[in-house]
Amino acid sequence: MTTLDPTMGMRRSQLYRRHINNNAVFKKTGSDFVVSHYDNGNNQRTELDQARSMAICDLSTLSRTGFKGAGAPIWAESQGVKLPDRANRAIVQPDGCLVAKLSDQELLILSDILAKSHQVTALGEQSTSDHLENDTQTYLLPRGDSHCWLAVTGNQAAEMFSKVCGVDLRSHKFALGNIAQTSVAKTNAIVIRQDLGQTLSYFILCDISATEFLWDCLLDAMQEYAGSPVGIRALEQLVASQ
Amino acid sequence: MKNRLPSPYGTLINREKSIQFEFESKTYNGFQGDTIASALIANNQTLLSRSFKYHRPRGALTMAGQDANTMVQLPSNPNALADRELISEGLKVTGQNYSGSLEKDRGEWLGLFSRFLPVGFYYKAFFKPRGIWEKWAPLIRKKAGLGVIDQQLVPDYYDKQYKFFDVVIVGGGPAGMQAAIESAVENCEVLLVDENPSLGGSLNYSRFDVEGTRGKKQLNELLDAINAKPNISVMTNAVCNGWFADNWLPIVTKRRLYKVRAKQTIMCTGSLEQPAIFHNNDLPGVMMSSAAQRLVHLYAVSPGSQAVIVTGNNDGYGTALDLDDAGIKVNAIVDLRDEPIYDDIAKAAVARGIRVETGTTVYAAHSKGANHVAAAEIRKIVSQGICAVQGEVITCDLLCMSVGYTPTYQLACQAGGQLTYDDQSAMFSLQNCPQSLQLAGSVDSLWSLDAVLLESKRAAMIATNALELTNEKVTDRVTENTLSPNHPWPIFAHPKGKEFIDFDEDLTIADIINATGDGYEHIQLVKRYSTCGMGPSQGRHSALAAARLVAAATNRTVAETGVTTARPPFSAEQLGHSAGRSFYPARRSNMHYRHLEAGAEMLQAGAWYRPAFYHFNNNDRQTCINKEVSNVRDNVGLVDVSTLGGIEVRGADASEFLNRFYTFGFLKQPVGKARYALLTNEAGVVIDDGVACRFGNNHYYVTATTGGVDRVYQNMLKWNAQWRLDVDIANVTSAYCGVNIAGPNARAVLQKVCSDVDLSAKAFPYMGVRLGNVGEIPARLIRVGFVGELGYEIHVPQQYGEALWDALMSAGNEHNIQPFGIEAQRILRLEKGHIIIGQDTDAMSNPNEVQMGWAVSRTKPFFVGGRTIAELEKKPSLRCLVGFVIDDSKVPMPQESHLVVDDKQMTGRVTSCNFSPTLGKAIGLAYVPPQKSDAGSVIEIKSLGGVRVLAKVVNLPFFDPDNARQEL
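Going down the list, the sequences are from chains A and B.
Under this note's numbering, the letters of the first sequence match residues 1 to 242, in that order.
Under this note's numbering, the letters of the second sequence match residues 243 to 1210, in that order.
It is possible that some hints are incorrect.
Said to hold, decoys possible - Quick list of in silico lysine-lysine cross-link-like pairs, PhoX-like style, CA-CA up to 20 Å:
id	chain 1	residue 1	chain 2	residue 2
1	A	K186	B	K402
2	B	K259	B	K244
3	B	K405	A	K173
As the list claims (entries may be wrong) - The following residues of chain A were derived to be distant from chain B, with all beta-carbon distances above 10 Å:
id	residue
4	T3
5	Q14
6	S36
7	G96
8	D112
9	T121
10	Q137
11	R143
12	T211
13	S228
14	S241
No wet-lab data here; the hints were simulated from the structure.
Since this is a predicted model, take the numbers as computed values, not measurements.
By construction, the Cβ of each residue, glycine as well, lies at the ideal position given by its N, Cα and C atoms.
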């Protein structure tokens, strides 16, 4: 069996070397690679347990996109996208992808973590073919490459975030689907509460060039809660255990 | 441990766990939970350290970490508070601020000369004759400072954490505990903070009833109630070190600074017992009554065997009962009051037959040559501060002081509370606190336990009502009939002085009086002139006495005199708490590790990591750079330009927008072409540049400088907020990774991996832009020539960056393509005379000065800075940026910012200078006067070491003046 390696693909997470050094086992989603799990033979704790407690997962190679402009919400709705009722809210679409309304004129669309949703790709292609800039005041944003995408999961996640972020992200204060566009470890970030199954979880997106910096900061912050990276398999298990 | 009391004394110690430690190289034993001070006093070692100025022996004063007397040296931590720091196995502790030994300090002679060292001594003594300070300074500096810093210290890990609560209660004594319980209504998150190891405050050690049982009973009841409330969080060993706007509270623990946001704050910070002021009141063995009670009850330590208590209230009698219960003989209670009104506790003390002297004070403490109090000289009080000429000496090894309190007002005052003084009660009290801050307990001038508990409930009710969690009718403030615990004048001057007001700074009564005599009558000036209140304890035990003395000396009331400003931090915090875990964001392009693998020496440009140059065969830096330059000129090189700014400008008005924003004309720019974009501000100053690539009628992709893109983006948003053009602006800098492949073989290499774009010079000319694919990677291709060679900037989505790098390096293998860094790029652009904004421009540079007048449209109606540039063009230039060469290879090459001079006159400066491998000589750019700007002029540059270097002004560019190479 061939061992999958992100260098076999064109699109590579800024973190792939860290994953390899941590004995990551990769899986392919579309043409890109994502960590399935880490092969840490001596670790008795399963990644699922880890994800329920305190974990971080790199989702940066999963698809995501964004639209901006005065016509963006109307255009998105015309494409069948269900929009949140107000800015700084996110809602899950019937096919599993997540639509986050960052402002009245700006949308961020994230694939579901199982990468089964095709809406992200479809919307991107549609926007290009529609020449949206000319017709609808809707402008495509390259969110897939401008921002990294990390998932922080576990019942200690909010406590960990309080070490790096000044927004109260505790579950009873920061409801499911809430968005904070704020500073995390002095880096501009979008934080979305998006529980996976029954597990408190957050998606965090920051400038992609600062991915390694933020990853290291979050790992450092979660050390006292015995947090560690997990692969997407653990996240899928969280969702499946719903 | 000679002085250890039996159980149940010692609520903080664990007698099952013995701990051995060292003090002054001598081994001592203590128990787990002991502080350094309690363990030492248990072993009869009461001398802990030496005072700052006169090296006087000092021992425990408060046993609460509130004073500087107990500052000791730990191996990695100077000025540790011995009454706060716990002992640990093998801990090595020494005293501070002594010469020779702690017991026999050679520096003690300084006290003999105190008469000649009045306040303001430095100001008066060392300013004449001129220059004398330089002589004295080394000697004085040698004596100054406390403790020794371990310069080899590896810092511990400190960090910070945010916390959010509805109500934060500062102070975990009876008031704080009761307030927490009452605040913890449904949906109210409550934090109770206390600096001590356990909750309870005075309930742990003070006497509230004759039997001495109420404190413990009350404590248990409150603890049970707190434990039953899951919405109360408790932090002990945690100091709230300040109050900032909107109830932002920094709470310091051992290794973490909590940044707490509270909607309501209840200050239950209690009060600070004050010293009596008499001769030798600083001797070890002289301590606050509460300190003696703490030693007895918290640590099971007998602070002496024979005690005298000087008091101005009934609390001193409670201390007498406590000491008597613990088997310590109380030789006398010396009551300053003429006719004290006794409460039950005082009556009980009298009933035990303890000698009481009323209308009397301790006039002096005597050590009899030892470093510890040996006797108290008591005298009748004749009038305020005046004693009878004769008194009585009573033997004692413990002298307790109980003459009054000040509210711990610091945090409340930082919140805007005002301190007032009531002459009747001789007490400070707090007024006018903000609505989001309540007071409860002795900080609110309540003294009986019942009143404190009632008022705490009321404070909590106000807080929860304000949060709309309750809607209770708030009762009136509690009143109590308890007598004031403060004596109005426990200050007794002595002919030999040494009646200390401020223990930190060794300031006596005379020092404060003399400060006012020298004209410093305002309390703030007294502080600065005398240094009173400027020591580690920040005036906690000196503010009241100093205010009273200044008031009396200046014929004002204490209320009029006031106290000095109490600024944060409340207590000393380590630098680690402020520094903590700092975040320094770092940005890396997707191809970052390819640079490292290729041997790059990285540098940081802002937050970005960029390759400066690549090491090659152990060659030196300059050789490597020169090689990279030559490879670009002769062959093909690849440089990472991902850090360049990228901004999408899209919409029907995109052309109009750029036309207004940049100096050039953009309305007629064809699709598929790039145009140089020079940006000026309203003052006509050059602030950035880039290229505007037109990929569609309504779509421009504009590049900007690495350091300037954020400002450009902000400016674009700002201007369009005014212009309201139909345009969308998006900063996509990080979304794209970019390289510049440059050199005569650039096309040949690129052709191998880019088949869907016709790269021929005719189909894709200089300043053309195309969309295509490099391998399988979607790319934006831009034919620009920053380095002056045939070249293509290739911008691809960020996460394809490394694959792009790999594809091009692989394709260029047969041409021996080599990466080059920004050092080589700087030389290459310099050879072409291209300026770098920010390096070759400054805050005054207009386009014409920097030979960029060609990039300014004079025909369009408006652009930012256009009007100013037009006006500037009507006037003669004051300076010009020119190119220069230095033909003499033996002179030291000038560097950036070296001066251009004309005889002794500075006439300009060098902005760039480097050795050009291509031309074989030093070349550079410099601002020179207009009369020196013509080619052939000779300028003089003050180079390294002041060497004057002659340089010749030449036309730009230095290389390939016809630009033939970049347009291949």
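Going down the list of hints, with the structure as the test:
1. K186/A / K402/B: 13 Å, holds
2. K259/B / K244/B: Holds, at about 17 Å.
3. K405/B / K173/A: Given that 20 Å is the threshold and the Cα spacing comes to 12 Å, the pair holds.
4. T3: 19 Å, holds
5. Q14: Nearest chain B Cβ is 6 Å from Q14/A, so the label is violated.
6. S36: 19 Å, holds
7. G96: 22 Å, holds
8. D112: 20 Å, holds
9. T121: T121/A is indeed farther than 10 Å from all Cβ atoms of chain B, at 14 Å.
10. Q137: Contrary to the label, Q137/A does not stay out of reach of chain B, its closest Cβ about 7 Å off (not over 10 Å).
11. R143: 8 Å, violated
12. T211: 8 Å, violated
13. S228: 18 Å, holds
14. S241: It holds; S241/A is separated from chain B by about 28 Å at its closest Cβ, greater than 10 Å.
When the structure is compared with the earlier hints, violations turn up for hints 5, 10, 11, 12 and for no others.
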